[in-house]
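> Using the sequences provided together with the hints, build the complete structure.
Take a look at the letters that make up each chain.
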Amino acid sequence: MANLASEFLGIKSPNPFWLASAPPTDKEYNVRRAFEAGWGGVVWKTLGEDGPPIVNVNGPRYGALYGADRRLLGLNNIELITDRPLDLNLQEIKAVKRDYPDRAMIVSIMVPCEEGAWKSILPKVEETGADGIELNFGCPHGMSERGMGAAVGQVPKYIEMVSRWCKQNTRMPVIVKLTPNITDIRYPARAALKGGADAVSLINTIASIISVNLDTMSPEPSIDGKGSHGGYCGPAVKPIALNMVAQIGNDVETGGLPISGIGGITNWRDAAEYMSLGCGNVQVCTAAMTYGFKIVEEMKSGMSDWMDEKGYNSVSDFIGSALPNVTEWQHLNLNYVAKAKIDQDSCIKCGRCYAACEDTSHQAISINDERVFEVINEECVACNLCVDVCPVENCITMEQMKPGELDTRTGKIVLDEYANWTTHPNNSGACVID
Amino acid sequence: MSNTVSSPGVLSGRLPVSKVNENFSDLHEPFRSHEASVAADRCYFCYDAPCITACPTAIDIPLFIRQIQTNTIDAAAKTIFEQNILGGMCARVCPTETLCEEACVREAAEGKPVEIGRLQRFATDSFMKSGAQPFLREASTGKKIAVIGAGPAGLACAHRLAMHGHDVIIYDAKEKAGGLNEFGIAAYKSTDEFAAKEVEWLLEIGGIDLQLGFELGKNIHLNELVKQFDSVFLGLGLGAVNNLKVSGDDLENVSDAVQFISGLRQADDLTSLRVGREVLVIGGGMTAVDAAVQSKLLGAETVTIAYRRSKDKMGASTYEQELATSNGVVIRENLKPKTIIGNGKVSSVEFERTKQTSEGLTPTGEAIMITADQVFVAIGQALSVNEERLEFAGNKINVSGSGRTSCNGVWAGGDCVSGGEDLTVTAVAQGRDAAEDINLSLMG
Chain A
-15 MANLASEFLG
-5 IKSPNPFWLA
5 SAPPTDKEYN
15 VRRAFEAGWG
25 GVVWKTLGED
35 GPPIVNVNGP
45 RYGALYGADR
55 RLLGLNNIEL
65 ITDRPLDLNL
75 QEIKAVKRDY
85 PDRAMIVSIM
95 VPCEEGAWKS
105 ILPKVEETGA
115 DGIELNFGCP
125 HGMSERGMGA
135 AVGQVPKYIE
145 MVSRWCKQNT
155 RMPVIVKLTP
165 NITDIRYPAR
175 AALKGGADAV
185 SLINTIASII
195 SVNLDTMSPE
205 PSIDGKGSHG
215 GYCGPAVKPI
225 ALNMVAQIGN
235 DVETGGLPIS
245 GIGGITNWRD
255 AAEYMSLGCG
265 NVQVCTAAMT
275 YGFKIVEEMK
285 SGMSDWMDEK
295 GYNSVSDFIG
305 SALPNVTEWQ
315 HLNLNYVAKA
325 KIDQDSCIKC
335 GRCYAACEDT
345 SHQAISINDE
355 RVFEVINEEC
365 VACNLCVDVC
375 PVENCITMEQ
385 MKPGELDTRT
395 GKIVLDEYAN
405 WTTHPNNSGA
415 CVID
Chain B
200 MSNTVSSPGV
210 LSGRLPVSKV
220 NENFSDLHEP
230 FRSHEASVAA
240 DRCYFCYDAP
250 CITACPTAID
260 IPLFIRQIQT
270 NTIDAAAKTI
280 FEQNILGGMC
290 ARVCPTETLC
300 EEACVREAAE
310 GKPVEIGRLQ
320 RFATDSFMKS
330 GAQPFLREAS
340 TGKKIAVIGA
350 GPAGLACAHR
360 LAMHGHDVII
370 YDAKEKAGGL
380 NEFGIAAYKS
390 TDEFAAKEVE
400 WLLEIGGIDL
410 QLGFELGKNI
420 HLNELVKQFD
430 SVFLGLGLGA
440 VNNLKVSGDD
450 LENVSDAVQF
460 ISGLRQADDL
470 TSLRVGREVL
480 VIGGGMTAVD
490 AAVQSKLLGA
500 ETVTIAYRRS
510 KDKMGASTYE
520 QELATSNGVV
530 IRENLKPKTI
540 IGNGKVSSVE
550 FERTKQTSEG
560 LTPTGEAIMI
570 TADQVFVAIG
580 QALSVNEERL
590 EFAGNKINVS
600 GSGRTSCNGV
610 WAGGDCVSGG
620 EDLTVTAVAQ
630 GRDAAEDINL
640 SLMG
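Keeping their order, the protein sequence lines are chains A and B. In terms of the working numbering, the first sequence has 26 at position 42, counting the first letter as 1, and numbering is strictly consecutive. So the working numbering is basically just the index in the second sequence, starting at one, shifted up by 199.
Just to be clear, a hint being listed does not mean it is correct.
Said to hold, decoys possible - Residues from chain A that face chain B, not an exhaustive set, calculated with beta carbons under 10 angstroms: (1) D53; (2) R54; (3) K333; (4) R336; (5) A339; (6) E342; (7) F357.
Everything labelled a hint here was simulated from the structure, so no lab data went into it. Idealized CB from N, CA, C, for every residue including glycine.
Here you go:
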């Protein structure tokens, strides 16, 4: 069995699966249960400054996007940071860390953008014995209206400034949690690095309206007929987060900056994908909120089996392995030619590939009286839509053509050599490489 | 109650009322809303879906299921009724396992089709419960059409004609409308007086006058009808029952299964029905299965279906056969009835074993005796109409195109025409298509 032990910023945990700062990590009771269930670490739900506790709405705070059979694909929330007294949270953090010294205990913090506020809370957190802190610069709702959360995370110079304050005022490693509600994730990541942050974690939730009630005309979740935008997370946001992770990993300035991956991680495979793009570990929230803490068992067994199969001894063996393969479109090999192939034995004849191709793509699939669906190679551009809409996995595959074969669509022989847009004759800016 | 399952003779009250009621409750429980959502989500919305092709009325099944998915149940029901105004009954009685659900791609993929029949019932029940009508009658055309037979074919035809604004009179020989829906379907497939309620609901479109107690060739005649009406549609049932033609078929407690089923459907109190301890049903179609299963559900101790050919030749589908065996009915194949034995009352039936050879079904000479105190004969029904004006194919009315008979101005559909499948849903399709053709010929 592969070793899942993880070390992130020197913080050790028995596996790379942490619970993200969110409702599941709001109090001792939950976190103890999470550790008993096998989670490697937690990021305690965001603490605010001392004083009257935060208040939450007293109506619904979540809304959902569903797939078939009400499978939850996306979750949106308008919950704020912890609404429990600071001292209580600190006591509980200390107690849990004491009892679970082998688990990672990170504390998420969000206080006003003043050095004094940070100076005041950091020693208190440090005193709990926590392993590190995560700066919540991401929360897109509620707190951002008060100049915190995403309001800070959207201004790189504030990120840099607060990161610096924190590094100056604590011995604990500092993780900056980034908001995706910006145009280019590399700017806030660079700012965190400049401010001395040890790592970034991403993504926080995406500003969103999950649905509108067509009877009341209120956005949902609805509070007395009104709704405000919330933060969106869950499986649906994973592609957005993966791209941002890769962008930071491949950036000249931020490449190599440790990343804790967050966003729709639901199973071991999602986690492995994040890590292959360079994340040192991952944080999970929505999947736990949907299915409970027990999912970590599948995440552990799945990743371990896969590592055994691939011959990886430790997670560091594959972290970042996919990153060099993330490139720009202009560098993609235009001499790579594929064609869709339909396996007639596994085809159930639903015809979705046909409808998709015929109505919306390249008219490259034929249908006959027996409902046999076949690819018309002369028309197939290998777009993959048929693969994507087919309900049967591996029924349709994209088969690479071999060099020397004739692509009947273009009438050209498939070439062996690599050639991309930068050298393509249709590109007026192309340069010929000798 | 003194009688039990093992009491000898042909008796009523073998089972307590509560047990009989339970036995004759819905064969397939109606979907609750949540179940319907889960079931609807399994539909792949196939291109040119095989289920539509497999449906004799060509209901746009993927569309109505998508409408259930999006919680527009009335729209789903209208999609069904557009093609099949008796969609409520068909949802209950269609052999979906050999029609839409057999064609469902998830049957090929997983052996578990989308439950189209139950989804259809969910949508149609919901709509019909509201009391609304899916379609309005067009302005009156002044054309008069006679529909003979208030079964599925006649009702579908009359409704479609009424939609087009024609005035329809339906004549039916029985005291109640509905045809086989009312008299022929097993009780557990049409509970709670559904057949009667459906007729009542369907007639609410207006323009349809229902005349009961009129039988073609007796008190109404085709010669006169064609003169009095602009068009005539014949949606007759098969009024005659095939006889066994073996000695002893006149013994007491030997009767035809159709009569038994019809009596059962019309009974106010099922426990008052008499059923034998050892029931034997001779035949291999749906009627045989319906009679056998219902005998068992009434409390017969043993029920045997004896069929002269092999099981795979039975008219009853594999699903129906399994329904029978799961209810404790024994199906015995390759048994040809020779003699019904008894002293006044039937006591046993002698069969001869058969086998399929290159010359067809061949008797082997080996005799076998099955004890029975009640015998139901279910070896098919025949058309009992004799009309000189009509051309017949075999013993059924010959039609071409959308149900045109050899007689000008007369259309026919349902069980009485040649080439049909003897299914409710086929009858509905034929009635509907004939109505469209009649409309075209009158208005075109």
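> Is the shortest C-beta separation between R54 (chain A) and chain B less than 10 angstroms?
holds, 8 angstroms
> Does R336 (chain A) hold up as a contact with chain B if the rule is Cβ-Cβ below 10 angstroms?
Holds - the Cβ of R336 (chain A) comes within 10 angstroms of chain B, reaching about 6 angstroms at its closest.
> Closer than 10 angstroms between Cβ atoms is the bar; does D53 (chain A) clear it against chain B? Give me holds or violated.
Given a least distance of 5 angstroms, the restraint on D53 (chain A) holds.
> Is the interface hint satisfied for F357 (chain A)? The criterion is a beta-carbon contact with chain B at less than 10 angstroms.
Holds, about 9 angstroms.
> Closer than 10 angstroms between Cβ atoms is the bar; does K333 (chain A) clear it against chain B? Give me holds or violated.
holds, 6 angstroms
> Does the closest beta carbon of chain B sit nearer than 10 angstroms to the beta carbon of A339 (chain A)?
holds, 4 angstroms
> For the hint on E342 (chain A), just tell me whether its beta-carbon gets within less than 10 angstroms of chain B.
holds, 8 angstroms
Every hint from the earlier list agrees with this structure, and none is contradicted.
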